[in-house]
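A.B. asks: With chain A fixed as given, assemble chain B with the ligand onto it according to the hints.
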Amino acid sequence: MSHAADVRAHVPIATGRSATGIPTARLAVWWVLASEIVIFGGLIGSYVMLRLHHPHWAEEASHTNTVAGAFNTFVLLTSSLAAVLAHQAAEARNGPRAARFLGLTILGGLVFLMVKSFEWSNEIAHGFTIFRDVFWSYYYVTCGLHGLHVIVGMVIMGIVAADARRGRNLHRVELIGIYWHFVDAVWIFLFPLFYIAK
Amino acid sequence: MSMPAPAHGAAVAHAPESFWSRYVFSTDHKVIGLQYMFTGMAMALIGGFMAYVFRMQLAFPGQSVPLYGLVTAREYNALITNHGSIMIFWVSMPVLIAGLGNFLIPLMIGCDDMVFPRLNRLSYQIFFVSVVIILISLVVPGGGFGGAWTAYPPLSASAHYNHTPWGAPLWLLAVALEFVAFLLGGINFTVTVMNARAPGMTAMRIPIVVWMIVIASLVFMGSVGPLIAGAVMLFLDQTVGTQFFDPKAGGDPLLWQHLFWFFGHPEVYVVLLPATGVVAEVLTVFARKKLFAYKTILGTAIATGIISFFVWAHHQFVAGIDPRMAHLFTITTLLISIPVAEMLFAFIATLYGGSIEFATPMLWALAFIAEFLIGGVTGIFLGANATDIYLHDTYFVVAHFHYTFFPIAIIGTFAAITYWFPKMFGRRMSETLGKIHFWGTVIPFNLIFIPLFLTGVAGQHRRIYSYENFPQLSTPWLNHLAVIATVALIVMLAFQVVFLVNFFWSMRHGEEVGANPWNANTLEWAAPSPPPHGNFVTMPAVYRGPYEYGVPDRDLDYWPQHVPNQEELPRA
Ligand code: HEM
Chain A
1 MSHAADVRAH
11 VPIATGRSAT
21 GIPTARLAVW
31 WVLASEIVIF
41 GGLIGSYVML
51 RLHHPHWAEE
61 ASHTNTVAGA
71 FNTFVLLTSS
81 LAAVLAHQAA
91 EARNGPRAAR
101 FLGLTILGGL
111 VFLMVKSFEW
121 SNEIAHGFTI
131 FRDVFWSYYY
141 VTCGLHGLHV
151 IVGMVIMGIV
161 AADARRGRNL
171 HRVELIGIYW
181 HFVDAVWIFL
191 FPLFYIAK
Chain B
199 MSMPAPAHGA
209 AVAHAPESFW
219 SRYVFSTDHK
229 VIGLQYMFTG
239 MAMALIGGFM
249 AYVFRMQLAF
259 PGQSVPLYGL
269 VTAREYNALI
279 TNHGSIMIFW
289 VSMPVLIAGL
299 GNFLIPLMIG
309 CDDMVFPRLN
319 RLSYQIFFVS
329 VVIILISLVV
339 PGGGFGGAWT
349 AYPPLSASAH
359 YNHTPWGAPL
369 WLLAVALEFV
379 AFLLGGINFT
389 VTVMNARAPG
399 MTAMRIPIVV
409 WMIVIASLVF
419 MGSVGPLIAG
429 AVMLFLDQTV
439 GTQFFDPKAG
449 GDPLLWQHLF
459 WFFGHPEVYV
469 VLLPATGVVA
479 EVLTVFARKK
489 LFAYKTILGT
499 AIATGIISFF
509 VWAHHQFVAG
519 IDPRMAHLFT
529 ITTLLISIPV
539 AEMLFAFIAT
549 LYGGSIEFAT
559 PMLWALAFIA
569 EFLIGGVTGI
579 FLGANATDIY
589 LHDTYFVVAH
599 FHYTFFPIAI
609 IGTFAAITYW
619 FPKMFGRRMS
629 ETLGKIHFWG
639 TVIPFNLIFI
649 PLFLTGVAGQ
659 HRRIYSYENF
669 PQLSTPWLNH
679 LAVIATVALI
689 VMLAFQVVFL
699 VNFFWSMRHG
709 EEVGANPWNA
719 NTLEWAAPSP
729 PPHGNFVTMP
739 AVYRGPYEYG
749 VPDRDLDYWP
759 QHVPNQEELP
769 RA
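Order-wise, the sequence lines are chains A and B.
The opening position of the first sequence corresponds to residue 1 in the numbering used here, with each subsequent residue numbered one higher.
The opening position of the second sequence corresponds to residue 199 in the numbering used here, with each subsequent residue numbered one higher.
Hints may contain errors.
[Said to hold, decoys possible] Okay, the calculated beta carbon distance ranges per label pair: (1) B:Phe258 with A:Gly127: 56 to 66 Å; (2) B:Leu317 with A:Ser117: 24 to 34 Å; (3) B:Thr494 with A:Glu59: 51 to 61 Å; (4) A:Leu148 with B:Ala240: 32 to 42 Å.
Calculated directly from the structure, the hints in this document are not laboratory data.
Yeah, the Cβ is synthetic: ideal placement off N, Cα and C, and Gly gets one too.
Okay, chain A solo, but in the shape it has when bound:
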């Protein structure tokens, strides 16, 4: 290793070690999720506290589209199933198959976002904007933050799938799957809180 580029590309010994026996990358993903849980926890927690003090929020909540929400729940859960199948394929070292399942997951995310934008444009058109009431501020901010996570997940998944197709970095298929399940789990909380409780 004599020239500068090598020094920079050099992977530290540290990265290859595993004193706990758990792969380093997976540990890191778990910690990322732990820090995300408290972010959503803060948002959802304050929403719940405020909602308990504002009975009229139930009335506002009755204007959200429960059917669309339920459909989206179904879509996300199905896409998570595809992520699990992708993981299985990756375990079997079948890169192209893993990539195809990841593609299905991305498709699920896409459908989710389309339904979401249909809902939002409808609601905004009927005057239920972010300014109408603090309930709606929470609705847009919480679901918006979740939507952002969906988008980020899709982008990363695209990169992982492109790699997997060529049989590279197959261990990442599992990692992005873990993240996607988390995004899914957050929605499982948001759906009842914003769409069902009325």
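C.D. replies: Chain B with the ligand in isolation, oriented as in the chain A frame:
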């Protein structure tokens, strides 16, 4: 689980790198650590200068301040707000956690770098952007944010009230970016310590300072989330016009206080723990004695970390919270003083019977214990809701938390820098200058803040531009105290020149040292000083705990962690 055998020749041969790739865009944990440290020290100068300006205004209200000019009321608010924010977010955090964490963790656990070096570099780059933004926020139209470092709405939520249409959102953005930087860093630290330890470095052999940085990172990770959520809401209130915190539209300003302090209180332990870790390392080395009750200290740190999540509302005793809840938080607050006190007792017991050498790092470590004790004891008065209702938001509070923060951010940092300087730069700092600087800092520090306890008890409120508007609070006696505090501050700031001279002179001209100038046990002293890229010539393995000093029946009074049992060391 099988441990990989120690690898040889880990140090990568030095390549002719450019200045940029070596010092600016490096992924080497030591370079990143020093970047954080130098940035933090530069910010400390700015924060200290702000303290000078507003203390001058308090001592000599309405007079032009040398090097600054006249201080208006609005500028005063911006100065104290940014002083507080900078000292906590851009001095304590980067120096104690990111700076020391980066520099020390891989060296002390015996590996060549962090597990994610590029993530590490990204963390510093985001942090650097936050520095640029907070500095820009001071000079935008309307001036810097002046709603206090706690940023309570409705004042912080609307430019209509705070008159800083640019300053307020930029301040918030800078704080949020800083959080992201430390989240990335914290995840990296935690995973590195979990997975990248040298063979033989079991959990109970990890040096206390590394434990402390990891516990602090976890506490940070667990507490900052709600405030990130709160920051998003506040940012939208400021810029888009939502009303999360506006009572007039059904929002709740108290919600911010809860979100802020749910983070803000654990945060003070986030910066405290690494500083106590530094003190633990320095104490054992300069008392030549085994650290007293390693496991107890570790236990107290974990207990402190956990209890710190349940004390936040003691900042809100006068905010109209339910008195029954106030009692609960009084109890948790008194509880948290137990593990912290226990930790200090363990430190004092470490000194007992040791052969103490009063080198500069040791002086700082001892001063930490003495000064922090004052901060801790005065905290009891504020934690008890009955007394806090009188003392809340007076200078008593200001003096109290400076007696905790100053030992943490300044004294702890100087202990760390003077102790690890030889490792960082391969040279020694001057002991004489070091001692002059020590006394020139610690004595004036007490002269600044003891008077402020008194003005606080006399009723002077904090965050007041000029007491001339309150005749009862600008008696000659109180004005005298204000002048004493301000003069002491100027003396203290002047003595920092001694440190800067010592630091930069020693970097180039100090006496050169070998790998282990203090005869210490931990692994960083097994690496050359300064360690090359890759740290160790031979990757070390670990055979014992970090604090085997003065072991009976050994020739040497220390026993480095990486030396195999049978082998006797040549006499130093
Ligand atoms: C260099 C010596 C320092 C002096 C003389 C000093 C002085 C002061 C004073 C007088 C105030 C109250 C201003 C007012 O309420 O009107 C203040 C506020 C504050 N200081 Fe310091 N300080 C120093 C260092 C530090 C350090 C090292 C930290 C933390 C690491 C710190 C953190 C704070 C915080 C958080 C506030 C509260 C700001 C607010 O009210 O929003 N200070 N400082």
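A.B. asks: Evaluate each hint against the coordinates.
C.D. replies: Now for the hints, and whether the structure bears them out:
For Phe258 of chain B and Gly127 of chain A, the hinted distance range of 56 to 66 Å is satisfied, since their beta carbons lie about 57 Å from each other. One distance hint, 24 to 34 Å for the beta-carbon pair Leu317 of chain B and Ser117 of chain A, holds here, with the actual separation near 33 Å. As the Cβ distance of Thr494 of chain B to Glu59 of chain A is approximately 56 Å, the hint placing it in 51 to 61 Å holds. For Leu148 of chain A and Ala240 of chain B, the hinted distance range of 32 to 42 Å is satisfied, since their beta carbons lie about 34 Å from each other.
Against the hints set out earlier in the document, no violation occurs for any number.
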